[in-house]
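J.: Here is what each chain is made of, one letter per residue.
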Amino acid sequence: MHNFLDISDCPDPQAWVAEAIALKRSPHRYSTLGENLALGLFFMNPSLRTRLSTQRAAHFLGMQTIDMDMVSGWPLEFLDGTIMDQHKSEHIREAAAVVSRYCDIIGIRCFPGLEDRDLDYSEPFLTAFRKYSSSPVINLESATRHPLQAFADIMTIEEYKRTVKPRIVLTWAPHPKSLPQSVPNSFISWAAQMNYDLVVTHPEGYELDPKITGSISIEYDQNTAMKDADFVYAKNWSSYMEYGKILKKDSDWMITGQKMKITDNAKFMHCLPVRRNVVVADEVLDSPDSVVLTQSENRIYTAQVVLIHIIDSIRE
Amino acid sequence: MHNFLDISDCPDPQAWVAEAIALKRSPHRYSTLGENLALGLFFMNPSLRTRLSTQRAAHFLGMQTIDMDMVSGWPLEFLDGTIMDQHKSEHIREAAAVVSRYCDIIGIRCFPGLEDRDLDYSEPFLTAFRKYSSSPVINLESATRHPLQAFADIMTIEEYKRTVKPRIVLTWAPHPKSLPQSVPNSFISWAAQMNYDLVVTHPEGYELDPKITGSISIEYDQNTAMKDADFVYAKNWSSYMEYGKILKKDSDWMITGQKMKITDNAKFMHCLPVRRNVVVADEVLDSPDSVVLTQSENRIYTAQVVLIHIIDSIRE
Amino acid sequence: MHNFLDISDCPDPQAWVAEAIALKRSPHRYSTLGENLALGLFFMNPSLRTRLSTQRAAHFLGMQTIDMDMVSGWPLEFLDGTIMDQHKSEHIREAAAVVSRYCDIIGIRCFPGLEDRDLDYSEPFLTAFRKYSSSPVINLESATRHPLQAFADIMTIEEYKRTVKPRIVLTWAPHPKSLPQSVPNSFISWAAQMNYDLVVTHPEGYELDPKITGSISIEYDQNTAMKDADFVYAKNWSSYMEYGKILKKDSDWMITGQKMKITDNAKFMHCLPVRRNVVVADEVLDSPDSVVLTQSENRIYTAQVVLIHIIDSIRE
Chain A
1 MHNFLDISDC PDPQAWVAEA IALKRSPHRY STLGENLALG LFFMNPSLRT RLSTQRAAHF
61 LGMQTIDMDM VSGWPLEFLD GTIMDQHKSE HIREAAAVVS RYCDIIGIRC FPGLEDRDLD
121 YSEPFLTAFR KYSSSPVINL ESATRHPLQA FADIMTIEEY KRTVKPRIVL TWAPHPKSLP
181 QSVPNSFISW AAQMNYDLVV THPEGYELDP KITGSISIEY DQNTAMKDAD FVYAKNWSSY
241 MEYGKILKKD SDWMITGQKM KITDNAKFMH CLPVRRNVVV ADEVLDSPDS VVLTQSENRI
301 YTAQVVLIHI IDSIRE
Chain B
1 MHNFLDISDC PDPQAWVAEA IALKRSPHRY STLGENLALG LFFMNPSLRT RLSTQRAAHF
61 LGMQTIDMDM VSGWPLEFLD GTIMDQHKSE HIREAAAVVS RYCDIIGIRC FPGLEDRDLD
121 YSEPFLTAFR KYSSSPVINL ESATRHPLQA FADIMTIEEY KRTVKPRIVL TWAPHPKSLP
181 QSVPNSFISW AAQMNYDLVV THPEGYELDP KITGSISIEY DQNTAMKDAD FVYAKNWSSY
241 MEYGKILKKD SDWMITGQKM KITDNAKFMH CLPVRRNVVV ADEVLDSPDS VVLTQSENRI
301 YTAQVVLIHI IDSIRE
Chain C
1 MHNFLDISDC PDPQAWVAEA IALKRSPHRY STLGENLALG LFFMNPSLRT RLSTQRAAHF
61 LGMQTIDMDM VSGWPLEFLD GTIMDQHKSE HIREAAAVVS RYCDIIGIRC FPGLEDRDLD
121 YSEPFLTAFR KYSSSPVINL ESATRHPLQA FADIMTIEEY KRTVKPRIVL TWAPHPKSLP
181 QSVPNSFISW AAQMNYDLVV THPEGYELDP KITGSISIEY DQNTAMKDAD FVYAKNWSSY
241 MEYGKILKKD SDWMITGQKM KITDNAKFMH CLPVRRNVVV ADEVLDSPDS VVLTQSENRI
301 YTAQVVLIHI IDSIRE
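Top line first, the protein sequences correspond to chains A, B and C.
For the first sequence, the working numbering assigns the number 1 to the initial residue and increments by one for each residue that follows.
For the second sequence, the working numbering assigns the number 1 to the initial residue and increments by one for each residue that follows.
For the third sequence, the working numbering assigns the number 1 to the initial residue and increments by one for each residue that follows.
Keep in mind that the hints are not guaranteed to be accurate.
Just so you know, same-sequence chains aren't split out, so a pair can sit in one copy or run between any two.
Unchecked claim - Below are the DSS-like pairs computed for lysine-lysine, each with C-alpha atoms no more than 30 Å apart in a straight line:
{"hint": "1", "residue 1": "LYS227", "residue 2": "LYS131"}
{"hint": "2", "residue 1": "LYS24", "residue 2": "LYS131"}
{"hint": "3", "residue 1": "LYS249", "residue 2": "LYS88"}
{"hint": "4", "residue 1": "LYS88", "residue 2": "LYS248"}
{"hint": "5", "residue 1": "LYS261", "residue 2": "LYS88"}
{"hint": "6", "residue 1": "LYS261", "residue 2": "LYS249"}
{"hint": "7", "residue 1": "LYS177", "residue 2": "LYS88"}
{"hint": "8", "residue 1": "LYS261", "residue 2": "LYS227"}
{"hint": "9", "residue 1": "LYS177", "residue 2": "LYS211"}
{"hint": "10", "residue 1": "LYS249", "residue 2": "LYS24"}
{"hint": "11", "residue 1": "LYS88", "residue 2": "LYS165"}
Hints were generated in silico from the structure; no laboratory data involved.
All chains, please: the whole structure from these sequences, using the hints.
T.: What follows is the structure, encoded as structure tokens:
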């Protein structure tokens, strides 16, 4: 049985990307593969793209989907041994076990609290859910990872790249709210497994978890980083060092048409939703070089590939 | 590609009504027409009848449906060029474009604010959504139009009419809350295209948009209007002239058994939900001449006809 | 046409349990039985197990399901003759009638207020809904009954029993909140129709409706009741006599490993969600004798049997 919690659950990232590109040409090819199987989607936080793309992917495979909106509350107890006489009405042990009796595959979304770094990076919800679930679990964006997004991002690069080893710039960009690090974390992890010239650029203080960035090149000057770039992926994240904090709000790191001129006619990427004229200027987002809608659309085919591999592991 | 935003999007209203009546006899006739297609339903406001009937219609055509409840908030930016550093997290440009990458047909509901008439009648949400969507859009009740309801209403009249040119009375009725004008607007627009003797009756001050009523007969005396009526369609709306205001609350415009006696054994119509003994007396709603449940049921077959025509335009 | 509001709607409880056990071995056996039929699920209160298991059951039968979350409000008027000028926007007469034009089978959940016993035990919502619905109605847990849970509970006993006439103990257990009596009511009603040595044990003041317990043995000493038990079903309920009240909160009625030793290696049962170390100690719930997950899983097959019988009655 396979889970898909992080890209480490993908045995061959390059092969999966190739499968997704092939599937895009004929998404109905496996229209009965998932027959009689149910995919349960549990959202502890709001979702538009993930909700739509994953349901669509499951439908293309003939699966039933059950969309459970838990945003208004699913007060689960995580501690073992607790006397549950307060506000938590169910323990994660029963919750995950029961749900996996009803659903053959389970997708869960649970964002971080962004207050306690060790807690968030221990992935308490995802880890406990997988532990007590008897069905495979898919990460629909957890506290610190968003592997389905990363998969679609890399697929998009593979579709648009013009050189064998493209230069990819992941750049921090401003945002008024404190956002998780899950998208950059997963993007870096997957991109590191591809044949890319990858550089991460951000203001000082926005260094990501060194266990994730590893030996990836870090550049504090955005203009220097963007030189000769084939792809510019803009994304905000809150500080990992001063955990969850916003250290900088001014607009000098926003991606503008002027900055894109430094690149080698780079494609512009963002995972959406995006704040116009904060993260990126209209002129860039509305230009033919923006591939953000393709990134979103590719969420369907990449989710399909993940489901196909999990279904294969169930059927074995 | 066809949209269905208003009845002007229907090239032949009489033919569509005939198709809906035929489909009612065998609703499963086209059970594979929509195979592999997904209908996304986006509700910015609550829905019971529209939600159920449209999902049922899609299912009869073999389509997948994805029901998105956005009532608790989907804070979209509509203005171009804005610096999005406040509460709106996504621009309608991306929202509509992304959603249409996932859904082959999109239904949207968005009620009016009833404060700014020019704004509401410009249909900002519907217009922007259609502009940026690459998939056909269906109006599930917008600020000033409800064409799916009008279609089902006209179908009901065609099923029950006993004369070639029936007399149809659309009458204003009291209601404690300020309601949109979308139902009367769309009903009048569609009825005007049929062979009806149509009269609209309401208290002074409740005149609808003159661009919609056009040359339709207006009668300020309800009793005079109801004389010889074959169908009495009761519906409240707030004032168009003093926009969104309630000018009158007393019960003298309520439809009673006494008033129905003025008619030629008329059928009673309402789009539901209806407030009993405010809009209409129990004795009328519970009489065999009430066709309100048929109006509701016909929402299925009329939605099917709309979907069939849109699917045909996609497959072309 | 069959409804399934209470176990009195099941003509042969023993036969239905046997059907559910057989179906568990091949749940896809009737995968086209429900083709073209829609099951509407209306939840006035939250649901996890019922929502998932009933949708899964319907899917195994090839039905469409429409999940309607009405928790945030569906303000229905129940009184006849009311002038509806206040907060209720629709009468149950229209609501139930309309919904049954869209859905071939309707499931509804509506919990009790636990303030007015006569009102709750008159089952106002369920009764009115059935009265005005033209489609069969399934009780997804009403004010005082939960027959789908009871069905799954009895099926579980039949799977695990080691003797012809097992000893079943239904024991009250503590809980911090005031809970309905629907689960014990329906369990007792169904168990009374089986070949069981059934005893109900609870503190004084927690006597259930005598019309339901009838001649069932009541034992006020939990230890005495549990002697030689084959199955111990723990469940909290609020007082029927002092209606809706919590009379006792201390932990001496909690099911512990020590108490389970009094039994004849009994299986432990609970309908979930369960509060650990309040209702039951971890050591019992985590032991191999706990069958709570099987009870939950069996909700699928028992719901399928109910749907199959209702579909048969529709097709006749």
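J.: Each hint: holds or not?
T.: Cross-check of the supplied hints:
no., hint, result
1, LYS227 / LYS131, "neither (45 Å within a copy, 36 Å between copies)"
2, LYS24 / LYS131, "between (33 Å within a copy, 26 Å between copies)"
3, LYS249 / LYS88, "between (38 Å within a copy, 17 Å between copies)"
4, LYS88 / LYS248, "between (37 Å within a copy, 20 Å between copies)"
5, LYS261 / LYS88, "between (54 Å within a copy, 29 Å between copies)"
6, LYS261 / LYS249, "within (23 Å within a copy, 64 Å between copies)"
7, LYS177 / LYS88, "both (29 Å within a copy, 11 Å between copies)"
8, LYS261 / LYS227, "within (9 Å within a copy, 74 Å between copies)"
9, LYS177 / LYS211, "within (25 Å within a copy, 46 Å between copies)"
10, LYS249 / LYS24, "neither (38 Å within a copy, 58 Å between copies)"
11, LYS88 / LYS165, "neither (51 Å within a copy, 38 Å between copies)"
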